[in-house]
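Protein chains: 2
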Amino acid sequence: MARINENYTRLPGSYLFSDIAKRVSAFTAAHPDRSIIRLGIGDVTRPLAPSVISALHQAVAEQADAATFRGYGPELGYDFLRQKIADVHYGRLGVKIDTDEIFVSDGAKSDTGNIGDIFAADSTVAVCDPVYPVYVDTNAMAGKAGHYQSSGHWDRILYLPCTQENGFIPEIPSPHVPAPELIYLCFPNNPTGSTINAIDLQDWVDYARRNGSVIFYDAAYESYITEDLPHSIYEIEGARECAIEFCSFSKTAGFTGIRLGFTVVPKELRIDGIALNSLWARRQSTKFNGASYLTQRAGEAVYSEQGQKEIRETIAYYQDNARVIREGLLAMGWSVFGGKNAPYIWLKTPQNLSSWEFFDLLLNKAGVVGTPGSGFGPAGEGYFRLTAFGSAENTAAAIERIRTLF
Amino acid sequence: MARINENYTRLPGSYLFSDIAKRVSAFTAAHPDRSIIRLGIGDVTRPLAPSVISALHQAVAEQADAATFRGYGPELGYDFLRQKIADVHYGRLGVKIDTDEIFVSDGAKSDTGNIGDIFAADSTVAVCDPVYPVYVDTNAMAGKAGHYQSSGHWDRILYLPCTQENGFIPEIPSPHVPAPELIYLCFPNNPTGSTINAIDLQDWVDYARRNGSVIFYDAAYESYITEDLPHSIYEIEGARECAIEFCSFSKTAGFTGIRLGFTVVPKELRIDGIALNSLWARRQSTKFNGASYLTQRAGEAVYSEQGQKEIRETIAYYQDNARVIREGLLAMGWSVFGGKNAPYIWLKTPQNLSSWEFFDLLLNKAGVVGTPGSGFGPAGEGYFRLTAFGSAENTAAAIERIRTLF
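Sequence lines, in order, name chains H and D.
In terms of this note's numbering, the first sequence opens at residue 1 and continues consecutively.
In terms of this note's numbering, the second sequence opens at residue 1 and continues consecutively.
Bound conformation, chain H alone:
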């Protein structure tokens, strides 16, 4: 008699963004005439860059001719793309990454969800609170999180509170707390939009090395950094011995629909002499068949000189939206965080409203959709996330609606 993975039955409710989608659907069904501005889920709205479009058309054309048709690609990614990532993405940071340390995938969500596969099933895990829910839910599914508590925490996860008091930067755990084996960090942060400087990140790298922990560093939003802050954890000394980095084309080049990301596993990262690079290579070549050839060519085009110029324009467009939201809410006297080196704005809800109360109010009275901070973890209660990925018109209109409402 087959048995299910009981860990699934411990997951509370459904996925945060599905919940939001349901409330929005119910509202639009009841009020078909009301216009909705969506600044909730972090999805982009600008079209793909002309260089990318041109590369996609060319790749499609290749698939139409037996002489240029490509079937199965290398599971870990085409060299033409891995080389560009090494040369352009890391090269300009002055970071040396070999092509066989780069694993191309269909996105950072898959990779951050799957990376736990290569570690012991009962590994201990630390996450920030608030946190991107995928880190927590995938660990819960794999049995690493333990049991869900009424507090909104899982009993086997070590939570690192990120609050206004600590500037939304997690503090190094006390030496009296057993060091977590796996540590998820994300900077610029989703959801708080906070960033980490090289000194604080060095502390985390040193902590991980001292304790033999592995850091999962999600750098999906690094292209939004404008100040002098690390874009990659490999800018930090010693990170090659303790960190795996996840990157994405989603927010950098608008690939949310066409799917592309990559993960870096440095060869120095070893446990008992076993290279994690080999384990991840084995996992990916056995359970994955490579990202779409079309999307990989699109990714290559992002790294051309013209492609870089074009994506920078789009990023600047979103950065300007972030400024409009940030300054608009600050002008109302609200407490607002992020939005400077990140596409996310994290705000303290006014009038001590709970995150979901504020969500419902904003949806029902202003037709603006955001994300309740409590959906990212208990420490997110009383906060709310807005994203900069809407159109400039909608973003300005949303702020105007919020101003009118309050």
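Where hints are given, some of them may not hold.
Each pair may be met inside one copy or between any two copies, as identical chains are not told apart.
Said to hold, decoys possible - Distance condition first, Cα-Cα at most 25 angstroms in a straight line; then the derived DSS-like pairs of lysine-lysine:
1. Lys22 with Lys365
2. Lys22 with Lys96
3. Lys96 with Lys348
4. Lys287 with Lys22
5. Lys365 with Lys96
6. Lys340 with Lys309
7. Lys267 with Lys309
8. Lys348 with Lys287
9. Lys267 with Lys22
Derived by calculation from the structure, the hints in this document are not laboratory data.
Since we're looking at a predicted model, the values are computed, not measured.
Dock chain D against the given chain H, drawing on the hints supplied.
Using the frame of chain H, we list chain D on its own:
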């Protein structure tokens, strides 16, 4: 101190097709002048159908314009594609599948690899021998396979021998053997090219229902069936209560490079009242962000009237290759199986050569690459797989080279 998943250290050597690639690379490096014909890995060579190409160009063009740009799609697949799969793929078989029972993914390899996630970590597993290595390796990685034995078997897996004696159809386990909880079946079979008729498949469905087992039915090659045989396990009574089906666009429409597949989890399939459909939906929406929009539009085009006509022509082309291989080797007096309702030809090696001896001989003396049967499991020793996915010219030339050699 982080610990690795020790199951990875139990995996013998590397993935079969990587091994083959290495031997071929070494040969071509040593003999750059010799031409190689690859009938090994099951990769297609014909270009994408014109309808598909046209749909891809159109989808790319949509991504160039903010008004038609699409970002994140539904994680489980766009309705436009799920509806076509329900209407065309299953409709013509007279099988009713609801759209929310269809999960679109980046390919059957990912799904057959990931499906184990939703079952208990110590579930017992049965596979055919020989078998597509992904079924075994992914279970080994997840700890369900136990330990690897010198026999080439894993000690916690129940192997179902598929031999010339049983026509390469696995026999129902004796009632004295504890019934495996999860049973992998693949028909038309990879690697043997064998097919199962409705009566034998009904026996498996009845066995699974009697024992509460779940069948994972890999139907990736169903479009190669020409005779009156089941294309889907759901043509069999009771299968909706016990079977999950995997399908792929790779061999049906040449999507090996652009990645698309789907998995069906019927709503009647429940364990202790819990619908596996909900568990898989949760797994996919948490750990996956949907297949590329471009590829999903390409999949939709496959189901248009013109698309169906075009892919049938390509399938007929490969079927003719299969006939050429099959008849050519039969004419040499060899024992040959499959190749009739399947793109794979499974042959008994001549002169009692081992599978790898025959591989090396064929590579070195004839410049033909196939797949050693022993790579698919111990019962594959002394057999060899050739695929019909080459060009017609190469296929004919390969058979001519083999004829000359022997």
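To see whether the hints hold, each was checked on the structure:
1. For the homomeric pair Lys22 and Lys365, the shortest alpha-carbon distance inside one copy (17 angstroms) is at most 25 angstroms, but the shortest distance between copies (64 angstroms) is not.
2. With identical chains, the CA atoms of Lys22 and Lys96 are never at most 25 angstroms apart, being 45 angstroms at best within one copy and 27 angstroms at best between copies.
3. In the homo-oligomer, the alpha carbons of Lys96 and Lys348 never lie at most 25 angstroms apart, since the shortest distance is 40 angstroms inside one protomer and 50 angstroms across protomers.
4. Taking identical chains as interchangeable, the C-alpha atoms of Lys287 and Lys22 lie at most 25 angstroms apart only when they sit on different chains, with a minimum of 20 angstroms there against 32 angstroms within one chain.
5. For the identical chains of this complex, Lys365 and Lys96 are neighbours neither inside a copy (51 angstroms) nor across copies (43 angstroms), given an alpha-carbon limit of 25 angstroms.
6. When the C-alpha separation of Lys340 and Lys309 is checked against a cutoff of 25 angstroms, the pair qualifies only within one copy, where the shortest distance is 21 angstroms, while the shortest distance between copies is 54 angstroms.
7. With identical chains, the CA atoms of Lys267 and Lys309 are never at most 25 angstroms apart, being 32 angstroms at best within one copy and 49 angstroms at best between copies.
8. For the homomeric pair Lys348 and Lys287, neither the shortest alpha-carbon distance inside one copy (42 angstroms) nor that between copies (30 angstroms) is at most 25 angstroms.
9. For the homomeric pair Lys267 and Lys22, the shortest alpha-carbon distance between copies (21 angstroms) is at most 25 angstroms, but the shortest distance inside one copy (44 angstroms) is not.
Figure legend: structure checked against the earlier numbered hints; hints not met, in rising order: 2, 3, 5, 7 and 8.
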